[in-house]
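K.L.:
Residue strings, one per chain:
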Amino acid sequence: MAMHEAVLLRRRGAEQRNLKAYVASGGLAALAKARAIGPEETVRILTDSGLVGRGGAAFPAGRKWESVRTAKDPIRYVVLNTDESEPGTFKDRVMIESDPFMVLEGLLIACYAVSATGAYIYVRGEYGRVADLLQQSLRELQQAGHLEGIEPQGRPLRVEIRRGGGAYICGEETALFRSIEGYRGEPMAKPPFPTVAGLFRKPTVVNNVETIANVPDIIAFGAKALRSRGTERSPGTKLFSVSGHVARPDTYEVPFGTPLSELLQMAGGEADLQAVLMGGAAGTFVFPKDFDLALSYEGVAERHTTLGSGAVIAFNRQTNLWQVAERLGRFFAHESCGQCVPCRVGTRRQHEMLATLAAGRGQGDERGLLLRLSQVMTDASICGLGQTAATAVRSLMDAESAGLLAH
Amino acid sequence: MAEEFTILIDGRPAPARPGETILTVLRRQEVETPTLCTHQHLTPAKTCRACVVELKGSRPLVASCERKVEPGMEVRTDSERVQNARRGVFELLLSQNDVSTAPGLVSQAEALGADPDRYRGQRYDRGFFDDNKLYVRDFDKCILCYRCVEACGPDVQNTFALTVAGRGFTAGISAGFDETLVESACVFCGNCVEVCPTGALMDRREHSMREQGRWDESRQDIVQTTCGYCGVGCQLDMHVDRERNEIVKVTSPDQHPITLGFLCVKGRYGYSFVEAEDEPAGAAKQV
Amino acid sequence: MNRVGELIDETGTERTQLLEVLHKVQAEFHHIPRAAAETIEQRMNVPVADTYGVVTFYDLLTEHPVGRNVLRICEDVPCCLHGSEELVAEAERTLGPEGQPGADGAVSWTRCACLGLCDQAPAALYREEPLAPLHRHDIAGIGDGHA
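Chains as they are written, first to last, in the numbering used here: chain B, 1 to 407; chain L, 408 to 694; chain C, 695 to 841.
Keep in mind that a hint or two might mislead.
[As the list claims (entries may be wrong)] Which residues of chain B face chain L? A few of them, derived with a C-beta cut under 10 Å, are:
no.	residue
1	Ala167
2	Ser228
3	Arg372
None of these hints come from the bench; they were simulated from the model. Heads up, the beta-carbon is just placed ideally off N, CA and C, and yes, glycines get one too.
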C-alpha cells in the first residue's frame with residue numbers, strides 16, 4: 001500500500017498549534033506574496049491551478065473569485081462555508097482542527113483577492129469546538145495585525161464567525177445567506193448567482209473549508225504546486241471521510257486518481273464489503289466490482305457516481321441496504337426546508353415507502369413509485385436537496401436489479 | 408422601455424420584454440400552464456412547482472412564474488418531462504390535502520391526468536381553527552403556497568402576523584407561538600383569505616353557510632359600491648344572497664386601481680356589524 | 695425580559711444577529727419563550743411571528759422548554775451501523791420521552807442528524823460537547839446526574 005504525503009493535513013498532530021508555530025513552518029508566506037503581486041495576479045494563479053470547489057459542486061474556484069473581483073458593486077463578501085452536515089462527512093472539522101491557520105490564511109487571501117469588505121465564517125451549530133478554535137486563531141491573527149491592509153477602504157477586515165442553527169439545508173449557499181441574514185434557511189432561486197447577488201444581495205464568494213485550505217500553497221508555490229499531484233483533470237489532493245465498517249474510520253488525504261480500493265485498504269475496510277456509499281446521503285452506492293474506480297472527478301463520472309462531499313461509508317455483507325436507504329430517506333424528510341411541494345411532500349412519501357421496504361412489508365408497487373417520484377423530485381425541486389434526495393435510492397434499485405445486494 | 412426580443416416556446420418564436428417572466432409570455436401566447444402559488448399582485452413564491460418548464464441549458468426544470476426571460480431562451484412546455492413533473496406535483500398534493508374547496512386545483516390536476524390515488528401516506532393533518540368572528544383556518548387544505556404570508560407581509564399589508572413555521576412535511580402557516588389569531592398581530596384585513604387558493608382560509612360566514620349547505624354562488628348577485636368608511640375610495644363587491652337578501656361576502660375587483668383586490672377589516676368585514684354572526688365555537692383543536 | 699434585552703445589547707440589534715441572539719436566549723432559558731420574541735420585536739424590529747418561524751426552522755432552537763443539559767444522539771447512517779438505535783432505546787428508557795425534561799428540568803435528550811463525528815460513531819453531543827463513542831453507561835450516568 002502506497003503512503004501518501006500529507007499536504008493539506010501536514011500539520012495534523014503538530015505539538016504547537018499557534019500562530020508562531022504556523023509562521024515558523026512557512027505559514028503566512030502566501031498572504032504576503034498575494035499582497036505583493038496584487039489581487040488580479042492572485043486570482044490568475046488560482047485560476048491556472050485548476051482548483052475546483054470541494055463542497056460537492058466542483059465549480060472552478062478561480063472563476064468564482066474573478067467574477068467577484070471584477071464586480072461593479074464595491075461592497076463584496078467572502079463566506080467560508082463551514083456548515084459541514086452531509087451524513088458521513090467530517091473532513092472539514094478535521095481540516096480546521098489540524099490547521100486552523102491555513103484555513104484562515106486562505107480566507108484572508110480570498111478577501112484580499114476580491115477586495116472583500118467583510119467576511120463571514122458560517123459554522124454549523126453543532127461544531128462548537130471548531131467555532132471556538134477559529135475564533136481563537138482569528139484573534140491571534142488580528143492581534144498580530146494580519147487583518148490590516150486587506151479591506152479596500154483601509155479598515156481592518158471584519159471577519160465574523162456565525163453559528164448555524166442546526167439545519168442541513170443551510171449548507172446550500174443561498175439558504176446559508178438567509179440564515180446569516182437572520183431568516184429561515186430557505187433556498188432562493190438561482191440566478192442570480194451568489195457572485196452577482198449573494199449575501200445581503202451583494203457579490204459574494206462562497207467557498208468550502210477544504211477549497212480554501214488549498215489556497216495558501218497554490219499562491220505560495222504557484223499553480224504547478226497543485227498540479228504536481230492528482231490527475232490532469234483533477235489536480236491536487238482530496239480529503240475523504242471514511243466511516244462505517246472499517247477498522248480505522250478517519251479523514252484521509254490522497255492524491256486525486258487514487259483507487260477507491262486503496263482508500264478502503266488504508267482505512268482497514270473489512271475484507272468482504274458489500275458496498276460503499278460515495279458522496280454522502282446525496283451520493284450513490286458503489287459495489288465491489290467498481291472498487292477499482294479512480295477517485296477523481298473524471299474517474300467517478302465514468303462509473304456514474306460522485307465524490308460529493310468526500311464521504312465514503314462502508315457496509316459489510318450483514319447490512320441490509322434497504323435499511324440504510326430508510327435512514328437516508330428519514331434524513332432528507334427531516335432536513336427538507338419545506339418550501340417546495342416536490343421536496344416537502346416527496347421526501348416524506350419517499351421515506352414512507354423506504355420504511356415499508358426496509359421492514360420487508362412492501363406491497364409490490366413501491367419500487368415503481370419510488371422511481372416515478374425520484375424523477376419528479378429531481379426535475380422540479382428548487383434546490384439541490386430535493387434534486388438529489390432520491391439519488392442513492394435510485395442507485396440502490398439499479399444494484400438490486402443487477403443482483404448486487406446481499407439481502 | 409427596453410427592446411422587445413424573441414424567445415422560443417416549444418419551438419415557436421414568441422415576443423418577450425425584458426423584466427417579464429416566462430409565465431407572462433406563456434399566458435400571452437395562450438399556452439396552458441398550471442399554477443397554484445403564483446398570484447398577479449404578489450412576489451412569486453416559486454414553491455408549488457406546478458408551472459415548471461424545461462429551459463435549454465438548465466439541468467433541473469425552472470419555475471416559469473419566477474424566471475425572467477432572456478434573449479435566446481428556449482423553453483419547452485410540451486415535453487413528457489414537464490408533464491410528468493407537473494402531474495407529480497398535483498399527485499403529491501392530492502395525497503396529502505383536503506381539496507374539497509379547491510376546484511381550481513382539482514380541475515388543473517384532472518387536465519394533467521393526475522391520479523389522486525397515486526401516492527399513499529400521511530395526510531397533511533393540521534386541524535381546523537375557529538377562533539375569531541371573521542374567518543376560519545382549515546389547515547388540512549393548506550398547500551403552503553406562501554400567498555397569505557406574503558399578503559400579510561411586505562407585499563400588501565405589512566402586518567407580519569403570519570409565518571411559515573416548522574420544516575419539511577411538518578411546516579405550516581402559523582401566527583406564532585400557538586396563538587389564536589385574536590392574540591396575534593392579525594388586524595383581520597382578510598387579505599390572506601382573499602389570496603388563499605384552496606379555501607384553507609375562509610370567511611366565517613361562507614364557512615358556516617357551506618356547513619349548512621346554504622352556500623350557492625349561482626344564487627348570489629354582486630352589488631357594486633364604494634366603501635364609505637374612509638376617503639380612500641375602495642370599490643366593494645357585495646355578494647348578496649338573492650333569496651335571503653343578505654350580504655354573504657365582500658370582495659374587491661382584483662384589477663381595481665386602488666385596491667387590487669385588497670381591503671381593510673372595515674371594508675371586508677364591516678358589513679357584519681349589521682348582521683352579527685354567532686359567537687365562535689373556540690379552537691376545535693388545542694395545540 | 696430585561697435579560698433578553700441585555701443579550702440583544704451585547705450582540706447587536708440588526709436582523710442579521712437574530713440567530714446569534716436566539717442561541718444565547720436558548721442557552722439561558724432552554725427555550726425561546728414568547729416574551730423573548732416580544733423583546734426581540736421591540737428591540738430588533740423582528741415580528742413575533744417571524745421569530746417563531748425561525749425558531750421552529752432550526753433544530754438547536756426550541757419553542758418548548760428542554761433540559762438544562764441536552765443529550766443529542768445521532769441517528770444517521772454511520773452511527774446507525776454502530777448501534778445508535780439501541781442507544782436511542784436506552785435513552786428513552788433511562789431519560790424518558792424524547793425532548794421532555796423531567797420534573798427537575800435537568801436533562802432531556804433528542805435524536806439528531808449527523809454530527810460530523812462519524813469517525814467516533816456512535817456519536818452524541820452532551821451539553822454541546824462531543825460524547826463519542828457514546829456508551830449505554832454514559833446514558834445511565836447522565837440519568838443519575840453523574841455525567
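K.L.:
All hints, please: hold or fail.
P.N.:
A quick look at each hint next to the structure:
Nearest Cβ of chain L to the Cβ of alanine 167 of chain B: about 7 Å, under the 10 Å cut. The hint holds. For serine 228 of chain B, the suggested interface contact is broken, since its CB lies about 33 Å from the closest CB of chain L, more than 10 Å. Proximity of arginine 372 of chain B to chain L holds as hinted, the smallest CB-CB distance being about 7 Å (cut-off 10 Å).
Hint 2 from the list above is the single one not met by this structure.
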